[in-house]
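What follows is each chain in one-letter form.
2 protein chains.
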Amino acid sequence: MAHAPLKASDDCKLEILHKHSAFIFDLDGTIWKGTQLIPGASEVLNLLRYQGKRIFFVTNNSTLSRKAFLQKCIGLGLKVNIDEIYNSAYAAAAYLKTKNFQKKVYVIGERGIIEEMHSVGLEAVGGPDDADAKVDYSKGDPYMEVDEEVGAVVVGWDRNINYYKLQYGLTCLLENQDCLFIATNTDARSPLSTNQEWVGGGAMVGALIGASELDPIVVGKPASFLLDVICRTSGLSCSQICVVGDRLDTDILWGNKNGCGTLLVLSGVTSEASMLDSDNKIYPSYFIDSIGDLLSVKEKLSYCTVS
Amino acid sequence: MAHAPLKASDDCKLEILHKHSAFIFDLDGTIWKGTQLIPGASEVLNLLRYQGKRIFFVTNNSTLSRKAFLQKCIGLGLKVNIDEIYNSAYAAAAYLKTKNFQKKVYVIGERGIIEEMHSVGLEAVGGPDDADAKVDYSKGDPYMEVDEEVGAVVVGWDRNINYYKLQYGLTCLLENQDCLFIATNTDARSPLSTNQEWVGGGAMVGALIGASELDPIVVGKPASFLLDVICRTSGLSCSQICVVGDRLDTDILWGNKNGCGTLLVLSGVTSEASMLDSDNKIYPSYFIDSIGDLLSVKEKLSYCTVS
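Protein chains in written order, with the working numbering: chain A, 5 to 311; chain B, 5 to 311.
For reference, chain A alone in the conformation it holds in the complex (with noise of 0.2 Å):
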């Protein structure tokens, strides 16, 4: 897209809301900030549930299990399935199904990673586990002896990252025969604070890579994989879908480049300013300000179903 977006008039919303059949929500920074939800988020859910859409809700926050982030999401006063939520742990736990995988999983990661394993059948070792654990260096040339059965590596965000976990995934990676690198994202900063930047899943995706100068496969926002389950799933094609979010990096590019409707908020990572910095080359279809402006069109949307 060579020039830069327009912000949303009503026209626009309009538009926006009668091309799309499904809308796939960002969570973080989209429908709530922390434990706060963003002003008008249930009500806008509720207007498009009325208009017969489809609602998904996509994230790249890996710590949390869907069931958890069900009960976030009740709590925070949203009538939502849990069919509609899909986080990046999952999406490893799909991935790793998708190709037919019985091994083990060792996680550099937090328990929402673990318990998606564990609601696929897998075994995963790691992760909380692992938190307070050190290398023994008491012998000269220490060595690190890791479970064979270990088929994948799963990293996403990790606030106990340490050298051993580091050390454990690495020699699984090394020493375990097709040993698999999976990334739940790679997005930089992390949601854990609202008004300073925090260090993200990226870090430790960042960490492996350092170590191991291997790629892994990122399964979480911008790649497709997540898309393609929904599509696969509930029978939409991309063209169908408007994804929302606050992020070009992951959302907006995520929604481009599959061929989606994209419509960016201002209410969570990205500003107007940087979007519109002449460094940026994702732009989303349009932006408006938060996901309550939506709300904005509510009477004549209502008149356009009814008329």
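Simulated from the structure, these hints should not be mistaken for lab results.
Okay, the calculated bits of chain B under chain A, using three or more residues with CB under 8 Å as the criterion:
#1 145-158
#2 173-179
#3 187-200
#4 203-212
#5 215-229
From the derived model, a few chain A residues whose C-beta atoms are all more than 10 Å from chain B:
#6 S25
#7 E47
#8 I59
#9 F105
#10 I221
#11 S282
#12 S294
Everything numeric in this text was worked out from a predicted model, so none of it was measured. Yeah, the Cβ is synthetic: ideal placement off N, Cα and C, and Gly gets one too.
Mind docking chain B on chain A? Use the hints.
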């Protein structure tokens, strides 16, 4: 170089020794492995000194200071002067001095970096002092306060890497004006074990790249910085120098791209098979099994010099 190098015959060894006025040796894998001197290393160094050659030791290992490396050399029976030792922690300190840097340094790395900063009069924080530092998550929205006087983040191999250090480093880079991002080196693997691949400083650098999306200034091999320092202080030109080391992507690449002679030893990281692998594009001028192999021309060399 289009073709694979030759294993050095005695004539080649004599050519190498006659042609060069100075020799730069890597340490781990070249002079020693772990706590064991490689057989013949001491005799070769003595022979070179007898021939009037200048000798330097350059290592990417940033965990120790130059003083600590000197002590290790002496402990292993080598006659070495501290001015002959250059490591990547010293390189980071020397680089900052060339920039007339006078602010504080935040260290993601070990004691060697802290000590080298002190030795050039710079204040260094972090490093081993933050080995057990934890983020305070008790407030809903964590906030990382960093010292505004920090003007550089120096990253090297760190066996106590943790989320706090990564976040401190990221915050300095993002919030402190013109904060420098310096990598001592980007070696994927470390010399921690002689019989298994262990995570090197490339992991810590990769983590901060992954979080910041910034490119570091690399001061260790294969960056030319330390070679420039050696040439400037010794009056030597690169063509007078032969680099002897065990790694293609640091030692040999470093020598090749700066116009030095290069001699690979197979006593460390690189095997003959990996050098001859079709994927490898980095060839030394010559290779030998181990530094001790140079002793095969000891008699001939003395004869040549005396005659």
